[in-house]
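Between the sequences and the hints, there should be enough to build the whole structure, so can you do that?
Line by line, the protein sequences give chains Z and D.
Just so we're aligned: 228 in our numbering is position 228 of the first sequence, and the numbers increase by one with no gaps anywhere.
Just so we're aligned: 1381 in our numbering is position 381 of the second sequence, and the numbers increase by one with no gaps anywhere.
Bear in mind the hints are in silico, worked out from the structure with no lab data behind them.
These numbers were taken from a predicted model, which means no experiment stands behind them.
Glycine included, every Cβ here is placed at the ideal spot set by N, Cα and C.
Taking CB as the label site, the calculated pair distances span:
hint, chain 1, residue 1, chain 2, residue 2, range
1, D, Pro1208, Z, Thr185, 51 to 59 Å
2, Z, Ala354, D, Glu1258, 44 to 52 Å
3, D, Gln1143, Z, Leu48, 53 to 61 Å
4, Z, Lys263, D, Gln1143, 25 to 33 Å
5, Z, Pro373, D, Lys1083, 50 to 58 Å
6, Z, Gln52, D, Gln1143, 50 to 58 Å
7, D, Lys1006, Z, Ser207, 25 to 33 Å
8, D, Lys1006, Z, Lys263, 30 to 38 Å
9, Z, Ala287, D, Pro1353, 50 to 58 Å
2 protein chains.
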Amino acid sequence: MEMLTKVLIELLIIIAGAKLVGELFERIQQPAVVGELLVGMIIGPHALGWIQGNEIVHMLSELAVIFLLFQVGLETRLSDMLKVGKKSFWVAMLGVVLPFMAGYAYLAALNHDYKIALFMGAAMVATSVGITARVLADLKFLQRPESRIVLGAAVIDDVLGMIVLAMVAGLSQGEFSTLSLIRITVVALAFVVIVVLLGTWLVRKLSPSFRKLKTKNMTFIISLLTCFGLAALAQIIGLAAIIGAFLAGMVFAEINEEYDLDKKLEPMTDFWVPIFFVVMGSQVNAALFTSGSIIIMAGIVTVLAIITKLVGCGAAVLKDGLPSSFIVGVGMMPRGEVGLIIAAIGANMKIIPADIYAVIVAMCMFTTLLMPPLMKMAVERKTREQS
Amino acid sequence: MEMLTKVLIELLIIIAGAKLVGELFERIQQPAVVGELLVGMIIGPHALGWIQGNEIVHMLSELAVIFLLFQVGLETRLSDMLKVGKKSFWVAMLGVVLPFMAGYAYLAALNHDYKIALFMGAAMVATSVGITARVLADLKFLQRPESRIVLGAAVIDDVLGMIVLAMVAGLSQGEFSTLSLIRITVVALAFVVIVVLLGTWLVRKLSPSFRKLKTKNMTFIISLLTCFGLAALAQIIGLAAIIGAFLAGMVFAEINEEYDLDKKLEPMTDFWVPIFFVVMGSQVNAALFTSGSIIIMAGIVTVLAIITKLVGCGAAVLKDGLPSSFIVGVGMMPRGEVGLIIAAIGANMKIIPADIYAVIVAMCMFTTLLMPPLMKMAVERKTREQS
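Below is the structure:
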């Protein structure tokens, strides 16, 4: 069979499977991404073997993640970030530091290599706020102060997550030393700050000229080319490609509404991005979960991921009362795409072994699955208290 | 450098180059596709060598063509096709038969293999009507009967072009015999007829259920999955992948407006499709055009391509007078994406050698470049005649 035919059939199986199960999960009000991971586990080489890890499909899944992080970046405006206020800032900050330390400390205590421990910490950092936003909207709670704090914190959390990933990915190349820690931190922070400040300024400055271009969808195309360019640049200076993609999104977030960039991107990402989650899932060897020690580890990591967000994020708003701080903590709990991407990067770098990889995927799935019922409980308690 | 970084940089160079020159060509009112081919020739391995024919980029360019032909199909409704009337039908029919025979006869006369002659004939068949439609609109002539005939004929011309390609691609695999000619013709016609009739019926039938799906952009995603599936199926039964993609587009053309399928596809194709034309151009060895015999051949093929459409399409509407039939002939003249794709398929099958490939690309470029000035002349003569 020709290569093109093989690629087409594999993509057809992956996307059709993802969307079928995604539709089912939507109907039972569960996040589609969990369904996509499950599809991957089932049709992947460890189980049914319907997909075999074609090199081109793998590259397409890497491109899909670049588009996804660009899309996340498009929703992260620098101006919004500066507006969210102190509360959101501290919710994000503590909600990053505590999970990272807990993840690192737990794996270090189990005598794993420091690189593995770093990646575990990083994977526990980033909140996936999209699902929270939808649950809050369903509960008609989106206009309340707690929701605004969570949504504001999620923006900063994304940026902090990228900086943590940049540092971890950098530190995992070559030997660890205080000097390399300082160098990587400086490079990561400098890249983020320079790209965001210079890029935002440039895009605002050039935006009126974009209007004069005759080629259809040219601003959209320029934004994607910037995404490719910054993704490549991030890799060349030793960071991860998705960091560049995310920052490109942030830079174009300034003119997103003016040019409908996200609306133009959405049909493409809705089609392509599931490839990534299915490929992610396909790399999980579900048979590992028959081992008691892996189940225990997944349980502990999941509990740590939940408690550190509840305590860290909650502590930052404790003054508003326990019910409110519980809502904020639960809202910041789900780890989704970014945690998974960090696991994938670690696996690609041959740092994360199969068991730790499976544990991270399980943690991302359970923190995401547990959030909706917990949030419902928390919101009901808060509402009862007020009436 | 990592593979992902290489792919990102190569895509960046290709798309940025295509869009930059495309913008320039738009401004001097020339078709962007000609600019994209030129970019490919300049940055390709035969000249500057900025792109080197990365395997993944090549596969992405094949996927881009599948999206392109799906988009062309979306504009080709079966119901429109049945409505266009006899005149358009005969314009399309004669405009397919004459160029095919001329291309085949010329290369056969030069003692080329019959497979090469078949591909040359096929590449001379399909009109690229998009450019014509724009020129007619610019001349404020789009509502006139001649324009309607051309636009109607272009729809049928697309379908006939696909059937010719199916037959040629089929005949070029294995030995030629009357039996294989009959078999391929039957397979090609059966595939087209069954897919279009059954598909159109199914899509109309299922369309109300699509509305009930909860996943975002699900009808759009289903249409693309159908495209992948039919493209793979077409390849498996020995036709070309783009035939399946085109037919999938035709099938979903029925509900295109209802679900805004083309609007959702357009940003993606505007971004990806230039990859194909740049890669196409990069495979042209421009140095070949220093050879006198190649220049003569390109000249003869271009002249044949022009005359056969003028005579064939014009003859079908000769009753309307010479000025009208000249407008129709000129309108059907430009060969664009389909001619180029056929050349690419022939080259991939190792049937079309480098010199014939360069001749086909030149023919597509010149028939496209010559149409706008000729159409301006023809329309002015017609208008003068009437006033």
